[in-house]
Amino acid sequence: MCGIAGAAALRAGATPNRDRVRRMSCRLAHRGPDASGWWEAPSGRAVVAHRRLSVIDLATGQQPMVDPEQQVCLTFNGEIYNYKELRKKLADDGVEFRTESDTEVILQLYRRKGAACVDELRGMFAFAVWDDAKGQLLLARDRIGKKPLFYTLDDSCLYFASSLRALRETSDTHWEIDLTSVDAYLTLSYIPAPRTIYEGVSKLEAGTVATIASRSISTRRYWDLACEIEPAPPTMTAAVDRLDEILNAAVALRLRSDVPLGVFLSGGVDSSLVAAVAARQAGVPIKTFSMGFDVAAFDETGFASEVARRLGTEHQIFRAKPDLLGTLPAMVRHFGEPFADSSALPTWVLSEETRKHVTVALAGDGGDEGFAGYAWYRTARRLGKLTSVVPERVFGMAGYMFDGIARGPVRRVALASRLQRGMHMLGVKTGSDRFATLRSFIGRAEARLLYDGALREARMSDLGASGERLAQLYQRCEGSDLRRARYVDIASYLADCLMPKVDVASMAHGLEARAPLLDQELIRFGLSLPDEWLLAPDGGKKILRAVLARYLPASLFDRPKQGFSVPLRTWFRGSERNLASSVVTSERLRATGWFKSDGMGALVNEHLTGIRDHSQRLFSFLVLDEWLKYS
460 MCGIAGAAAL RAGATPNRDR VRRMSCRLAH RGPDASGWWE APSGRAVVAH
510 RRLSVIDLAT GQQPMVDPEQ QVCLTFNGEI YNYKELRKKL ADDGVEFRTE
560 SDTEVILQLY RRKGAACVDE LRGMFAFAVW DDAKGQLLLA RDRIGKKPLF
610 YTLDDSCLYF ASSLRALRET SDTHWEIDLT SVDAYLTLSY IPAPRTIYEG
660 VSKLEAGTVA TIASRSISTR RYWDLACEIE PAPPTMTAAV DRLDEILNAA
710 VALRLRSDVP LGVFLSGGVD SSLVAAVAAR QAGVPIKTFS MGFDVAAFDE
760 TGFASEVARR LGTEHQIFRA KPDLLGTLPA MVRHFGEPFA DSSALPTWVL
810 SEETRKHVTV ALAGDGGDEG FAGYAWYRTA RRLGKLTSVV PERVFGMAGY
860 MFDGIARGPV RRVALASRLQ RGMHMLGVKT GSDRFATLRS FIGRAEARLL
910 YDGALREARM SDLGASGERL AQLYQRCEGS DLRRARYVDI ASYLADCLMP
960 KVDVASMAHG LEARAPLLDQ ELIRFGLSLP DEWLLAPDGG KKILRAVLAR
1010 YLPASLFDRP KQGFSVPLRT WFRGSERNLA SSVVTSERLR ATGWFKSDGM
1060 GALVNEHLTG IRDHSQRLFS FLVLDEWLKY S
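Under my numbering, the first residue of the sequence shown is numbered 460, with each subsequent residue one higher.
No lab work stands behind these hints, which were simulated from the structure alone.
Values in this document were obtained by computation on a predicted structure and should not be read as measured data.
Derived DEER-like restraints, expressed as beta-carbon distance ranges:
hint	residue 1	residue 2	range
1	His633	Gly771	54 to 60 Å
2	Pro788	Ala691	46 to 52 Å
3	His816	Gly472	49 to 55 Å
4	Gly1069	Thr1044	17 to 23 Å
5	Pro788	Gln1075	16 to 22 Å
6	Glu499	Gln1075	43 to 49 Å
Taking lysine to aspartate or glutamate and the EDC-like style, the derived pairs with C-alpha atoms no more than 20 Å apart in a straight line are:
hint	residue 1	residue 2
7	Lys593	Glu528
8	Lys780	Glu811
9	Lys780	Asp758
10	Lys572	Glu528
11	Lys780	Glu812
12	Lys844	Glu991
13	Lys1020	Asp990
14	Lys543	Glu559
15	Lys572	Asp591
16	Lys746	Glu765
Backbone N, C-alpha and C define an ideal beta-carbon position, used for all residues, glycine too.
Given these sequences and hints, build the entire structure.
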């Protein structure tokens, strides 16, 4: 795992700012503490830098890597899990290799297939290829979005980097905040690609390649899960067998490493399954790591310890610091833009502690999206069934009635906005709008209560731009409401929220995180399954639980989903009460002119008095306030 940066001129005569690229590389040192590299194109039109965290081929895998003719240069962040198989295929075709690295496999694939090389890769990656003979830059990102890549245009040159911070803190120009992105952030708790918090700065979307040449930038989606759905096996028994087979193959690929490796083990279904398969394949005791909390309802270390004992792992438990929110300033700076998934806090600490023992950690990310683990999937399914028998106009009329009440005194907003939101979800015409509303923290009533000035004007519709994007993704996929909802979460929530969370939190400490449940074959298989193999009356991930039962007794995992989250609601009504209240008095938030002070006050009051749980919204405002220090 590494950090990459570089620049390419878009027209003849233009030259990249080499000093800026060097400074960008320095900002990425935490991602690659083992080595640094630098390359300049013979034409002078491109500069490429690399920061390396050595995991595969420690001796000869240095980057940037250049072909023997000094025409094609690659800088690469990630791991290609099937590189040995690809290397053999290329060698059989006569390719001579100079190293044992996966980097050279990508380079040789590009020389033969150009941008189509991404079709062969199975792994997590973000890379840039400069082809000096063509005067062309290629940027690529993996299918799920596990590795980040940002880019911007500046003075006829395109600059790219693994972090937004590296681009922002080395720029000599003023960057304008994109208010549509601010609304998207508050609505979802993250900013969906290709947007960033800044105008004119983009994230390359997951499963996409960008080609930059002759003053133009063109992007192409090379992988879309909606187009990859395959027929399901004939029976659930056959599906369990096939899922077990795919998972074992995915774990085997991710156990390839030349450095110490372990597993994040929360004690839930997903991480327990990954740990169980890894333990069986490793043949020796593996290392497992858990994070515990003082609030019992959020602590799963007892379950994790029992799973570890059963699997015979070398298990370590880390306790969340009493001042866990004290890590917020450092975390916000690393993200480079507002990001309010509070589970990033324990992920940050878990990564920091785990890195003291291993360099690579397998994680259970992807099980919820791939196999319907979230409660909102059951909610979306129930809403769909209800609206199929009750005329939508009934709910629509009720929604507008409560909408009118919500315009009244602040004290009536809490109840009215909840009722209006519920009726609106039932009354919307399409499942896509209903799901977008369900997944939003800021709806029509909340925006009216909180937004002011330019931010109010930037939200052009009830759903907002981010909600409309979710609705569009929903419509892109065919099948049941549950399949569509999972597709949206994989394409947006997973790619733009969960993956950045894991990448930033782990790479801030030089730790590589790998997610077997996000293997492209496994994700594709999961989306093909019928609803009844996923949802049970008491929860989701029915088929995943059936696979886990082959490795562990059901008594160890047959319980309601808990999730890797922090007790924000309790903290903001107790020990962090003053911190939660500070969003009302924040001079930085007030100076933006984006928010209504009485609305913010109502938000805090409703939470502190127990009327409504606003902990996620309050956390979003706290993160935004912290980020404004550096914007």
